[in-house]
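If you're matching them up, the sequences are chains H and A in order.
For the first sequence, counting from 1, position 373 maps to 925 in this note's numbering; every step adds exactly one.
For the second sequence, counting from 1, position 25 maps to 34 in this note's numbering; every step adds exactly one.
I should point out that these hints are in silico values taken from the structure, not numbers from a laboratory.
Note that the Cβ used here is the ideal one computed from N, Cα and C, for glycine as well.
Keep in mind that the hints are not guaranteed to be accurate.
[Claimed, not checked] If you only want the chain H side, here are some residues facing chain A, beta carbon under 8 Å, derived:
id, residue
1, S874
2, P897
3, C900
4, N904
5, N919
6, M963
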Amino acid sequence: MIKRPFFSLGKPKLKYPVNDTEEQDVIRVTPIPGRVTFFLEDPYERNEGLLIKPGDKIKTGQKLKLTEDDKDYVISSVTGTIAGISQYKGYLGKTYAAISIDTADEEQWDDKFKEGCQKPTLENSLEFLGCLPGDTGFIPILDTHSPLNTIIINGVDKDILVSTNRLIVQTETDNLKTGIEYLREITGAGEIMITVPPELASQAGETGADVKVIEPIYPNTLPEIIMKSILGKTPPADKTWEEAGVGLINAEAVVAFSNAFTKGQIPVSKLLTVINKDHTTVHVRARVGTHVKEILATLDIETHHGDQLVLGGPMTGHALYSEDLPILSDTDAIMANDKDNVVFPSDCHCINCGECVRACPARIPVNMLIRVLENDLYEEAAREYDLLSCIECGLCSYVCTARIPIFHYIMLGKYEFARIETAEESNA
Amino acid sequence: MPDQKLFIGSHAPYWHNGSSISAKSYHTMLAALPAVVLGIWQYGAPALGVLALSVSCAMIWELIMNIAMKRPASIGDGNAAVIGLLFAMLLPATTPWWAVVAGTFVAVVIGKQIFGGIGCNPLNPALVAIAILMLSWKSMLDFNSALVNYEFSFNMVYPLAAIKGFGASAVSDYSTAGLLMGQQPGGIGTTFGLGLIIGGLYLMLRGHIRWEISLSFLASVFVTALLFNLSDPDKYANPVFHLLTGYTLIGAFFLATEDSSSPVNFVPMLLYGALAGILTVLIRNIGAFVDGVVFAILMMNVANPLLDKIRPKAMGKGIKHA
Ligand code: SF4
Ligand code: SF4
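Isolated chain H (complex conformation):
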């Protein structure tokens, strides 16, 4: 854990620890597990009339949809039999269908993709590549009405200690280059940029994208800050990135995109940074849907009742209650946190020390915001105290002297505010 420095006059600077050990380039591989689970977004929490049911045989690379009309799908990362479909409630109350598959001994590839897609086109990418490993924004990039002005490829990882995309730039430069060419072809984007930490600048230059160096200091690596520092603008509050003409995609997804066409198979395994309890990191590759338990076992990381397990990094990840939950296609990291290091929030109220205001990269009056949020005044929070400007870095909670779970309050506030707005819209 990075502690407060002895001298502290300004903002906290969380430097990404540099890993120069040999271990860094080694990628361990988790064998195909006995069971995998996929989460498929399902806002309607349906039980019946589904296309798939327990007992169905599934092949690797097969597309799984709940109903014919659904847009959302997942790509199975294994061959096997569906063991069950249940409902799962995730972060911010999102509902999913959790599809678990018992894997078969022999792997068989579904060849629909191979047969139908020889060359990258917009249509076949939309049809098959909607959940590439590392994906955070591939579909939105493709699915816009007017071509984007700029596509930014993330070669730096958002969170501290995570180095998944950095490793991709370092080790898969050629594939990245091909992916960028394809991307240019099918999207017609004006400019393609790649963000990398300084030490990868020259290597990233080989990819043909416009290289932008980002100092790996948190929160410089957050998408909004990147956009601001390299394009000099932040999208207005009521638009998405794509509407503002900018697309953002992880380097890993670009590589997966290129591999899909060069190899004729939809990539199904994910590269992860695993952050051990002592903050050393290792890289591991596993099939999407592999349970966290399996991955930790590959790396001999022991966890105990009462520890903390996080999907994602220390500042923005999501805690898991069980190690029997899977990694998703956008899980860049797993963090194990020893029970002695778990940060417990307090119910003390704000002492107005101002640390959060100093730390906030979005210039939000967090000290006032937390006061209205604690009193459930979500509309006032959004209207007067810039709730919606929050770029979700978590620094305010990290520095809070009173140890208030500010970030938690903020996310709850955004969620509740969105509900109020939808309710108002449907009443109007």
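Go by the hints and put chain A with the ligands onto chain H.
Just chain A with the ligands now, with coordinates in the frame of chain H:
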């Protein structure tokens, strides 16, 4: 479920920089220590008595209020102790015990707890208490009569009273070095200029107080006093004198910077400090009180919520969430 291994759920971030309210309180007390120790050394047992009584009373009042208001005991965070300590530092060593008990009651109960406890007080609790004492028992805080039984090698006339009564020539024998080394009468913990500066620097560099407030306060005291001094050098003391006497230094580093009653945005912090500094010198030079720090800071405390509305525009984007 056969597997009963469960993990702790909480929201991001999973790290914390390790700061806490109690650490902040203890660092504040540590920073006050040099000035306090010199006070004890100068004024002996009575000073120690006042300090000890004040700190313990403040903590007891806090505990009583915690129980009365059915809140978890909060004396562990050290904030009450800090209030008690700062209050005692402002007092002359001869303050009677009942005044200390009453003062800490005002500070902790009226100044802090009835507003809802730490972080909710609109005014600096220690200053509220001292202001009430100043208004209710005027002579108690007249340092000339309070410390009349002390005999030191240095001039025992309270410098701010001297200049108010007799003009700049009356204070010509206070040397800057002497003032820095505490050779002046005054509150127990307010006279040792160098000690307060060291403590203040420590707090600023460690980030426990907001340096913007302290520095703008001092700069503005200096500038305002300088203007007065230039206009009439016989009547008004030089700016360095104003910086090193009365409550200026303890005000800059320990009182004006109290978290809850001061602003947190950059421009408001500068304004707050600067206006408090101007008011201080105005009160001293042309106002009714010998020292202006107490009322200057209290007035700015009142203005704080308004001042802190001046703030930068937040970043122009909200992230969409389904
Ligand atoms: S989480 Fe939001 S409010 Fe908190 S520091 Fe980051 S941007 Fe500011
Ligand atoms: S850091 Fe915490 S205690 Fe300090 S002002 Fe912000 S919310 Fe309040």
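Hints versus structure:
1. Interface restraint check for S874 (chain H): the shortest CB-CB distance to chain A comes to about 7 Å, inside 8 Å, so the restraint holds.
2. With a cut of 8 Å, the hint placing P897 (chain H) at the interface with chain A holds, because the nearest CB-to-CB distance is about 7 Å.
3. For C900 (chain H), the interface hint holds, the least distance from its beta-carbon to any beta-carbon of chain A being 7 Å, beneath 8 Å.
4. Hint on N904 (chain H) holds. Least Cβ distance to chain A is approximately 5 Å, under the 8 Å limit.
5. Checking N919 (chain H) against chain A by beta carbon gives a least distance of about 6 Å; that is within 8 Å, so the hint holds.
6. With 8 Å as the threshold, the beta carbon of M963 (chain H) comes within range of chain A, its nearest partner Cβ sitting at about 7 Å, so the hint holds.
Checked against the numbered hints listed earlier, the structure breaks none of them; every hint is satisfied.
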